[in-house]
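Protein chains: 2
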Amino acid sequence: MGLMAGAGTSNGASVNQSLEIAEIRAFFVGGRAVTVRDSPIAKVDNAGGIPVTFDQNGEYQVDQLYVQMIRLRRPRAKFPLLMWHGGGLTGVQWETTPDGRPGWQMYFLRAGHDVCVSDGIERGRATTPPPGVWDSAPVYMSKQWQWRHARIGTYDEQSRIYAPHPGTKFPSEAMDDFMKQISPAWPGNAALHAERYADLVKAIGPCVIICFSQSGNFGTEAAQRHPDLVKGLILIEPSGAPDATKRPPQVVAKIPTLYVWGDNLTGPLWENVLSASRTWYEALQQLAAPVEWVSLPERGITGNTHMMMMDRNSDQIADIVQLWMRKHGLVA
Amino acid sequence: MGLMAGAGTSNGASVNQSLEIAEIRAFFVGGRAVTVRDSPIAKVDNAGGIPVTFDQNGEYQVDQLYVQMIRLRRPRAKFPLLMWHGGGLTGVQWETTPDGRPGWQMYFLRAGHDVCVSDGIERGRATTPPPGVWDSAPVYMSKQWQWRHARIGTYDEQSRIYAPHPGTKFPSEAMDDFMKQISPAWPGNAALHAERYADLVKAIGPCVIICFSQSGNFGTEAAQRHPDLVKGLILIEPSGAPDATKRPPQVVAKIPTLYVWGDNLTGPLWENVLSASRTWYEALQQLAAPVEWVSLPERGITGNTHMMMMDRNSDQIADIVQLWMRKHGLVA
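Those protein sequence lines, which keep their order, are chains A and B.
Taking my numbering, I'd label the letters of the first sequence as residues 95 to 426.
Taking my numbering, I'd label the letters of the second sequence as residues 95 to 426.
Hints in this document: simulated from the structure, not taken from any laboratory.
Treat the hints with care, as some may be off.
Since the list gives no way to pick out one identical chain from another, each pair is judged satisfied if it fits inside one copy or across any two copies.
Simulated pairs of lysine to aspartate or glutamate, EDC-like, Cα-Cα distance not exceeding 16 angstroms [what the hints assert, rightly or not]:
no., residue 1, residue 2
1, Lys172, Glu251
2, Lys237, Glu153
3, Lys296, Glu117
4, Lys237, Asp149
5, Lys348, Glu386
6, Lys137, Asp271
7, Lys172, Asp149
8, Lys296, Asp270
9, Lys237, Asp271
10, Lys348, Glu376
11, Lys296, Asp322
12, Lys237, Glu267
13, Lys421, Glu114
Here chain A stands alone, though its shape is the one from the complex:
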């Protein structure tokens, strides 16, 4: 923790201090009408012994994104902070850690930001449409897959033993609680996601975005589309990056951009992920863009997983993000 000495108080708010909230409001962004035909008529017991007939044919609203906005009475941040979840996850990933500590939603509220936690289309409260509306079938990510993919540890198929990486910061005893927030994901929906997140930025106006993993792509895309509205872009281990030969980095070269990377970034997947972001980062650097690359292990902070907002030192990492926002004048 040496390098972060004093960072524990950087957000300027005591954990026990109450929050003065002006408003909690939920809304949807986007959505379109589709008509379903030739669906079977269902007759079901509506739990009270009273059967209800469902003619499932008719109109539906689909492709909307859900947002819960929490506005402070006296925000110290200049712009609302949008928090975008990763693939197979929902807004829950920002709310509370699986072992029950306050998540980044509470951290950044206490640190003076209006916070918008969203569920992208297809996830959580954005709901899913009847079958056939989207082209792809959903994929499901098992505990084994998450454990390995999030770099929490190894899993042995034979012995069925989940072995955490030595020194992991993930609260691995709460892995089953983490799994409760895992949601189906439709791999064919990437373009729709990007579209809707850009709509969200338009709906909110000037804002700062924290995006993670899959939504890193949607954050960089939203910045490309609305460079005037995205006032800061925080990329927590983004799973991809724009191709600098196809998308001009000039467009986003004025946006303060922060990358944060955890530990154990080995293997072909992570090497590809790192390399794509590194290339984009260097293209921005050549334009003297206000872009920063934080490798936690290089700062002496070891053991962080892909799910660093849930790791035991999640507040320490949020401190890094908050200090960076302060440095760029995004929060007083």
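Guided by the hints, dock chain B onto chain A, whose structure is given.
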């Protein structure tokens, strides 16, 4: 509004007053591990051009319920208020009305209650498991179905015209926004829902429950299972009621219970629904239980739909609930 004169100030909180919040916390209740086998291996583009392989076989957590708890710094209510959504809905139904006014979540927070808005299993942020885990297939409720079922108006198949009932209080111009919160529902999950809601009551401890439509059944069931913990039960147009010949009403005869019914309760479905609740209500009355039956039209409040927490006079109905809670000493 004659009968409700003065009720607009009954919650004792100005709409513009800020809220002092001690904590916003999300958690899951229940959940169990299942193992999926023989599922196909999916290879998908993780939106950044980097393909990810999903071996979908393995362990999942299923059957959990999601809760967002908002705790006030100085609650005036004695117990947390649990808000349970209806069939095909999520916790969003309590957050904000489809036309963007504050929902009952904000109303009851401002009225001094700690509030827990949940997504029952299968809905919203509770997520859904891989196919095959639950016995039934999901059903989908179209705009036509919701429009008629919620008693907002008539729909003509030929002309495709949605005609609101004269004097409806539903913000029918926002019907498409309402549809964005409609979620698939698994008709075979009633027993699982009831179990998990009862677990939620156990997890929270002494509480007051507002339940609606389908969850009316889960509220009465939770009260039967935990009559010591359920300190008040508010049933907004519950879709069913216990059979008084099979479940002893004595068990819940000390729990203050309020029924609230809207307008246009005609047709076989609603006559059955009313009759089931009326029989249970009368069984409670015979035991001199503190049970109250509010028919809004009989109080001169007309035009309310099934979705009265979203109707234009949603605050007026919340006032009735709040005054009733005050009468029973549940809020100072």
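Violations among the numbered hints: The structure conflicts with hints 1, 3, 6, 7, 8 and 13, although it agrees with all the remaining ones.
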